[in-house]
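Asker: Knowing the structure of chain A, use the given hints to seat chain B on it.
Number of protein chains: 2
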Amino acid sequence: MNKNFKLIIEYDGTHFFGWQKQKDKKTVQGEIEKALTRILNQKVKISGSGRTDAGVHAFGQVANFYADTNILPQKLKKGINSLIKDPVVIRECCVVEDKFHARYNAVSKEYRYVILNREDPCVIGRLYQWHIRSPLDLKAMKQCCQIILGKLDFKSFESTGSPRSSSIREVFFSDINPLEGDRIEFKICASGFLKYMVRNLMGTIVLAGLNKISVNEFVEILEARDRTKAGATAPAHGLFLKKVNYS
Amino acid sequence: MNKNFKLIIEYDGTHFFGWQKQKDKKTVQGEIEKALTRILNQKVKISGSGRTDAGVHAFGQVANFYADTNILPQKLKKGINSLIKDPVVIRECCVVEDKFHARYNAVSKEYRYVILNREDPCVIGRLYQWHIRSPLDLKAMKQCCQIILGKLDFKSFESTGSPRSSSIREVFFSDINPLEGDRIEFKICASGFLKYMVRNLMGTIVLAGLNKISVNEFVEILEARDRTKAGATAPAHGLFLKKVNYS
Numbered sequence: 015m016n017k018n019f020k021l022i023i024e025y026d027g028t029h030f031f032g033w034q035k036q037k038d039k040k041t042v043q044g045e046i047e048k049a050l051t052r053i054l055n056q057k058v059k060i061s062g063s064g065r066t067d068a069g070v071h072a073f074g075q076v077a078n079f080y081a082d083t084n085i086l087p088q089k090l091k092k093g094i095n096s097l098i099k100d101p102v103v104i105r106e107c108c109v110v111e112d113k114f115h116a117r118y119n120a121v122s123k124e125y126r127y128v129i130l131n132r133e134d135p136c137v138i139g140r141l142y143q144w145h146i147r148s149p150l151d152l153k154a155m156k157q158c159c160q161i162i163l164g165k166l167d168f169k170s171f172e173s174t175g176s177p178r179s180s181s182i183r184e185v186f187f188s189d190i191n192p193l194e195g196d197r198i199e200f201k202i203c204a205s206g207f208l209k210y211m212v213r214n215l216m217g218t219i220v221l222a223g224l225n226k227i228s229v230n231e232f233v234e235i236l237e238a239r240d241r242t243k244a245g246a247t248a249p250a251h252g253l254f255l256k257k258v259n260y261s
Numbered sequence: 015m016n017k018n019f020k021l022i023i024e025y026d027g028t029h030f031f032g033w034q035k036q037k038d039k040k041t042v043q044g045e046i047e048k049a050l051t052r053i054l055n056q057k058v059k060i061s062g063s064g065r066t067d068a069g070v071h072a073f074g075q076v077a078n079f080y081a082d083t084n085i086l087p088q089k090l091k092k093g094i095n096s097l098i099k100d101p102v103v104i105r106e107c108c109v110v111e112d113k114f115h116a117r118y119n120a121v122s123k124e125y126r127y128v129i130l131n132r133e134d135p136c137v138i139g140r141l142y143q144w145h146i147r148s149p150l151d152l153k154a155m156k157q158c159c160q161i162i163l164g165k166l167d168f169k170s171f172e173s174t175g176s177p178r179s180s181s182i183r184e185v186f187f188s189d190i191n192p193l194e195g196d197r198i199e200f201k202i203c204a205s206g207f208l209k210y211m212v213r214n215l216m217g218t219i220v221l222a223g224l225n226k227i228s229v230n231e232f233v234e235i236l237e238a239r240d241r242t243k244a245g246a247t248a249p250a251h252g253l254f255l256k257k258v259n260y261s
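These protein sequence lines map, in sequence, to chains A and B. Using the numbering used here, the letters of the first sequence map in sequence onto residues 15 to 261. Using the numbering used here, the letters of the second sequence map in sequence onto residues 15 to 261.
The hints are simulated quantities; they were obtained by calculation from the structure and are not laboratory data. Warning: the hint list may mix true and false statements.
If several chains are the same, the list does not tell them apart, and a pair holds so long as it fits within one copy or across any two.
The calculated lysine-lysine pairs, modelled on DSS-like cross-linking and capped at a C-alpha distance of 30 Å, are [unchecked claim]:
{"hint": "1", "residue 1": "226", "residue 2": "89"}
{"hint": "2", "residue 1": "92", "residue 2": "226"}
{"hint": "3", "residue 1": "40", "residue 2": "99"}
{"hint": "4", "residue 1": "57", "residue 2": "226"}
{"hint": "5", "residue 1": "256", "residue 2": "201"}
{"hint": "6", "residue 1": "37", "residue 2": "226"}
{"hint": "7", "residue 1": "99", "residue 2": "39"}
{"hint": "8", "residue 1": "209", "residue 2": "35"}
Remember, it's a predicted structure, so these values are computed and weren't measured experimentally.
Chain A on its own, in the form it takes in the complex (with noise of 0.2 Å):
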């Protein structure tokens, strides 16, 4: 019998073609499906809780697929674990009820990125964070970041090229604050996120910083509901998808 199982799932996403299984190319899901396939003997095809882009890393992507087997969802685990040798990595295995999906079922996401502020290059950690020469103003960052909290209309953030029914999204929480080593931390939790939304809020966010822009215009920027007001996307190595939450 059918039995669905979900996933957490921890990458280092520089040496993917993000999560999205594509032809010819090492994808997170790619990997994943083709050492299930693999154990189970049967055609596994897995759901994520939605798409992370190239190069963007993961500490808790959740997942689910089905599958007909007795074995145990520890032994599952550690199967993966050591079948792929790749920087992923499978945190938690477990049998859930047939009905949930780890993309339709979740509530919220978090998302973190990292900025490391100095005039010096960036050398440990840079496959990590993204490095800003100038000095950022962390009083209108953190500004904006109050800007954007509660449902709001996300189109100016959004990037082209996924079908979405709507481009309103709730964020319950979001702040900026100073990490050690001349790093900064954009914490971010939304009931979804629309392509490419975190990067580019963020690179909007690091225009206020930058003095670029003022938080008044931050605002006429998210009212403009218009893509081509606001900042570039900022780089994906920043960027951790953090924990998927479910009710």
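Answerer: Relative to chain A, chain B alone:
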């Protein structure tokens, strides 16, 4: 007239064969000397505060060198940083008094060692931490940290191959604490370090953390003044030279 320049250097040790210049191998010292020789159009030899082994990282390695030049230190710093494409960066460059010597004038050095302590394989940041699967007893490890405080003979934690007049060193600070994300951090500050001393200490403290030796046995190992009694050398890639202090 010859000036004495002091450098503070950060590097990711992953791609280097350590600090010290070696023929036909990429080393931090070698790359900096190459850049300096090219910029200053004269043969330059730099003296580091001490060697770091292949794979060991540094946030604050210190070196000095003499050169006959009128170039401003800030310009020299930028020149080196734009010339070196490897993960090494000059954080500070200044002219100091003639008698300053990065190695002989150092009064203490600070190291940190990072362990990822979880059953699952290490994925994000795997170049910067030692992965240990079995749970570590932090209390026992903290006790070991207390034992090595003070002026002691660290012969049991010294690997052979480096000339030194005495194996007595003074440890000013030593502690282990948890970090975010299943990681723990060993911090140590001492008057100086013997060859592989931090890594040999770490390898033996981990034995106590795994309850393979008791804290009393750790004391016996220290007192034995015999390298063969202590644990294995911890891997290089978890180690960071954090700071070199001068009076």
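Asker: Does each hint fit the structure? Answer for all of them.
Answerer: Comparing the hints with the structure gives:
no.: 1; hint: 226 x 89; in the structure: between (53 Å within a copy, 27 Å between copies)
no.: 2; hint: 92 x 226; in the structure: between (50 Å within a copy, 25 Å between copies)
no.: 3; hint: 40 x 99; in the structure: both (12 Å within a copy, 27 Å between copies)
no.: 4; hint: 57 x 226; in the structure: neither (52 Å within a copy, 44 Å between copies)
no.: 5; hint: 256 x 201; in the structure: both (9 Å within a copy, 28 Å between copies)
no.: 6; hint: 37 x 226; in the structure: neither (41 Å within a copy, 49 Å between copies)
no.: 7; hint: 99 x 39; in the structure: both (16 Å within a copy, 28 Å between copies)
no.: 8; hint: 209 x 35; in the structure: within (17 Å within a copy, 48 Å between copies)
Of the numbered hints listed earlier, those contradicted by the structure are 4, 6.
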